[in-house]
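Residue numbers (the numbering used here), protein chains in the order written: chain A, 1 to 287; chain B, 1001 to 1166.
Source of the hints: derived by calculation from the structure; they are not laboratory data. Just so it is clear, the structure is predicted and the values come from calculations on it, not from any experiment. From the three backbone atoms N, C-alpha and C, an ideal C-beta is built for every residue, glycine too. Among the clues, some could well be false.
[What the hints assert, rightly or not] Computed list of chain A residues with no C-beta within reach of chain B, every gap over 12 Å:
| id | residue |
| --- | --- |
| 1 | Ser13 |
| 2 | Leu20 |
| 3 | Asp53 |
| 4 | Gly56 |
| 5 | Thr158 |
[To be verified] Between beta-carbon pairs, the in silico distance windows are:
| id | chain 1 | residue 1 | chain 2 | residue 2 | range |
| --- | --- | --- | --- | --- | --- |
| 6 | B | Ser1083 | A | Gly155 | 50 to 56 Å |
| 7 | A | Tyr265 | B | His1004 | 48 to 54 Å |
| 8 | A | Gly68 | B | Pro1122 | 53 to 59 Å |
| 9 | B | Glu1119 | A | Lys189 | 31 to 37 Å |
| 10 | A | Asp220 | B | Pro1085 | 49 to 55 Å |
| 11 | B | Glu1119 | A | Pro4 | 34 to 40 Å |
| 12 | A | Asp151 | B | Ser1123 | 44 to 50 Å |
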Amino acid sequence: MKPPPFEYFSPTSVDECLTLLAEHGEDAKLLAGGQSLVPLMNLRLAAPEVLIDLNGVDELARIDRDDGELVIGAMTRHRDVASSELVREACPLLAEAAALIGYPAIRNRGTMGGSLSHADPAAELPCVTTTLDAEMVVVGPGGRRSIPARDFFAGHFTTVLEPSELLLEVRFPAHGGGPGWSFHEFSRKSGDFALVAVAVQLPGDGASAGLAIGVGGVGDRPWRADAAEGLLAGGQRGDELLQQAADAVGAQAREHGEGHADNDYRGHVAATLARRAFATALERTGR
Amino acid sequence: MNQHHEVRLNVNGTEHTVSVPPRKLLVDCLREDLRLTGTHVGCEQGVCGACTIIMDGQNVRSCLMFAVQADGASIETIESLASGPEDLHPVQQAFVDCHGLQCGFCTPGMVLAAKSFLEQNPSPTDDEIREAIAGNICRCTGYTFIVDAIRTAAERMAGEEAGQHV
Ligand SMILES: Cc1cc2nc3c(=O)[nH]c(=O)nc-3n(C[C@H](O)[C@H](O)[C@H](O)COP(=O)(O)OP(=O)(O)OC[C@H]3O[C@@H](n4cnc5c(N)ncnc54)[C@H](O)[C@@H]3O)c2cc1C
Ligand code: FES
Ligand code: FES
Chain A
1 MKPPPFEYFS
11 PTSVDECLTL
21 LAEHGEDAKL
31 LAGGQSLVPL
41 MNLRLAAPEV
51 LIDLNGVDEL
61 ARIDRDDGEL
71 VIGAMTRHRD
81 VASSELVREA
91 CPLLAEAAAL
101 IGYPAIRNRG
111 TMGGSLSHAD
121 PAAELPCVTT
131 TLDAEMVVVG
141 PGGRRSIPAR
151 DFFAGHFTTV
161 LEPSELLLEV
171 RFPAHGGGPG
181 WSFHEFSRKS
191 GDFALVAVAV
201 QLPGDGASAG
211 LAIGVGGVGD
221 RPWRADAAEG
231 LLAGGQRGDE
241 LLQQAADAVG
251 AQAREHGEGH
261 ADNDYRGHVA
271 ATLARRAFAT
281 ALERTGR
Chain B
1001 MNQHHEVRLN
1011 VNGTEHTVSV
1021 PPRKLLVDCL
1031 REDLRLTGTH
1041 VGCEQGVCGA
1051 CTIIMDGQNV
1061 RSCLMFAVQA
1071 DGASIETIES
1081 LASGPEDLHP
1091 VQQAFVDCHG
1101 LQCGFCTPGM
1111 VLAAKSFLEQ
1121 NPSPTDDEIR
1131 EAIAGNICRC
1141 TGYTFIVDAI
1151 RTAAERMAGE
1161 EAGQHV
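Please construct the entire structure, taking both the sequences and the accompanying hints into account.
What follows is the structure in structure tokens.
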């Protein structure tokens, strides 16, 4: 047997999870889809003494609309996010990105909460939450708190979650398809983690509400391309300006660069993806 | 920590109760406790797809689940597809006819991934077929004959369906 031994609990409510976390502290790990944690255990890179399985906590698997927000429970599978009508209507960028995660078998098990807590800098969902300014709702011994996505990721595979806390749900502003949207990524083979990913919400001519450009796969966490956002905030959408904005994404990627490829290459890929993402997004505004 | 858990599994229509330590992977439980060795173990990291099974109607990696987590689940493994060489599933028959396998190591996972894909998408394009098996690695065939096999299976299954309604 490859994984190191552990004690196994299968709670059925969030309260029970919190009690178990309080009891076992740093020795315990939450088990969601297992698509990142179990490989780490099989490789013995992780050896938690206690596993708290979230798969029986039904209240964590939900997709709901709450006023202007789309609420996704932590145990919602990538497959369900990718195929949900509600997600496609309220937050099409999220649906598009979720369909690009790994392979069908990975999407059948992997979860929203697991991907965000795992915080792989190349993962799709951290990039989308950062782009859309989603709020992470977290619960711990002191009650609930809400953390903006931009403050949630703290570096490679690191978040600001405390060991006694659990990610409950994520709240996305429901922009609908109003501003055009697009998620473009480049990976060596379909289903691999992205070398670079660019997420775009781009309103059409003369508009700026909802404008956002996020980049994943470059650096230790996803980030917003503020220089490019600045260039497009005025509402002009001419080809030359779009090219300048794409180049600004590339320049910022060169500064952040590290990982599998050299910075110039990453910068080049980021600019190219940004240019394509702008084009797709604008097409979707009906310009 | 090594305390055993009683786990009930319905595998290929048969109820089983096994006693396993929590760290036992589902794939090892199938192969060692139930002696169903058709499900292969390759990478144990979720990358190769050799361990693909169908659990409660969905294809999953059996190397990325613990057997205790499957308590109460319905599982289909490659053994459920045919009782012998005479009554192969159309996907299996197409793999044979189109040379979709050489050493056979990836084949159980490929066939199950293809079967569950064709249930959702009975008349796919070649691109869709390639996407559906992107998570299953084959070191022998170069994939072309596997794509041929899945397309052929889709055509034959569509033919059978049509035939039934004549
Ligand atoms: C072959 C392969 C390819 C993949 N390709 C991609 C890809 O292209 N893009 C991508 O984004 N991902 C990819 N993944 C990873 C996949 O998306 C995982 O599902 C995801 O990273 C983790 O989610 P999980 O539900 O499986 O979490 P788990 O593996 O169960 O947990 C991951 C971590 O999060 C913690 N955790 C889980 N839930 C919570 C919670 N609610 N609160 C607090 N902490 C929690 C766990 O304790 C653990 O530390 C791939 C995985 C594999 C095996
Ligand atoms: S053995 Fe499970 S994916 Fe390789
Ligand atoms: S036939 Fe040998 S690995 Fe696919």
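For a quick check of understanding: which of the numbered hints are violated here, in increasing order? Structure breaks hints 3, 4, 8, 9.
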